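> Sequence:
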Amino acid sequence: MWAHLPFEIFPPNLVEHAAKLLPVHPGTMWRAVEHPTSHSEWLQARGVNDIHGGNLHAILYFHGGAFLTCGINTHRRLVSRISFTAGQPVLSVGYRQMPHATISESITDGLDGFRWLLAQGYRPENITIAGDSAGGYLAFSVARAAIDEGLGRPAGVVAISPLLDFSATGKQAHRNANRCQTFPAHAVARLTTVVERMDHRRGVTGRVDPVNMAMADMPPALIHVGSREVLMADAG
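1425 is the number that this note's numbering gives the last residue of the sequence shown; the numbers go up by one with no jumps.
Honestly, the hints are just simulated from the structure, not real lab data.
Bear in mind the structure is a predicted one, so any value in this text is a computation, not a measurement.
Treat the hints with care, as some may be off.
What follows is a list of derived Cβ distance ranges for each label pair [claimed, not checked]:
{"hint": "1", "residue 1": "Arg1386", "residue 2": "Arg1364", "range": "25 to 31 Å"}
{"hint": "2", "residue 1": "Asn1244", "residue 2": "Leu1210", "range": "27 to 33 Å"}
{"hint": "3", "residue 1": "Glu1338", "residue 2": "Pro1212", "range": "34 to 40 Å"}
Here a beta-carbon is modelled for each residue, glycine too, at the ideal position from N, C-alpha and C.
Given these sequences and hints, build the entire structure.
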């Protein structure tokens, strides 16, 4: 529905508020973490220790939602299962989103999350950065930013159905352009237009999508994507 609305109209993130009622993996604990311009949630599944309990590894997670919707609440259940399965605590970042912030500002919030983990005593090589959809974009972008700023090289990047390229051309030409039930072709074009206008209005220049990043010094990456998703064009 949003893909057909005028540019100036951004529906409220109602799904994020409603998601507060969703259950999590049994026994999961979490607490709020504040950053300079955003907030996060420190989450530990049942039986998972943090660094004070001798667990030296942690995950930095970014939720999906096309930089427009969803948040910590919608993804708490998923993050709790990731924590339980991986046996690691997770910092789930509630980064700023459009139309209130540009993607560059979202990346800044993600980097604040990485710095917070370093301040807790986690070493960069023991931090895995992960995310889905738009969060996959942030996972690669934050890993790149951390390396460029001399903060260290993360353990790896894990992306689930990542949005890695804001150019609509490749996705519209892909065989899944009209087969994807989650992200139809008209939504792809709409998102590209919105991002470009946001960057122009805020004077953002030089932002590089993950598909065009320097990769030689990046950590190992694992990408999961469905066979019928239009985002396969980015993952390939």
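> Confirm or reject each hint.
Hint check results:
1. Arg1386 and Arg1364 have their C-beta atoms about 29 Å apart, which keeps the hinted 25 to 31 Å range intact.
2. The beta-carbon spacing between Asn1244 and Leu1210, approximately 30 Å, falls within the hinted interval of 27 to 33 Å.
3. Judged by the Cβ atoms, the range 34 to 40 Å given for Glu1338 and Pro1212 holds: they are separated by roughly 38 Å.
Of the hints listed earlier, there is not a single one the structure fails to meet.
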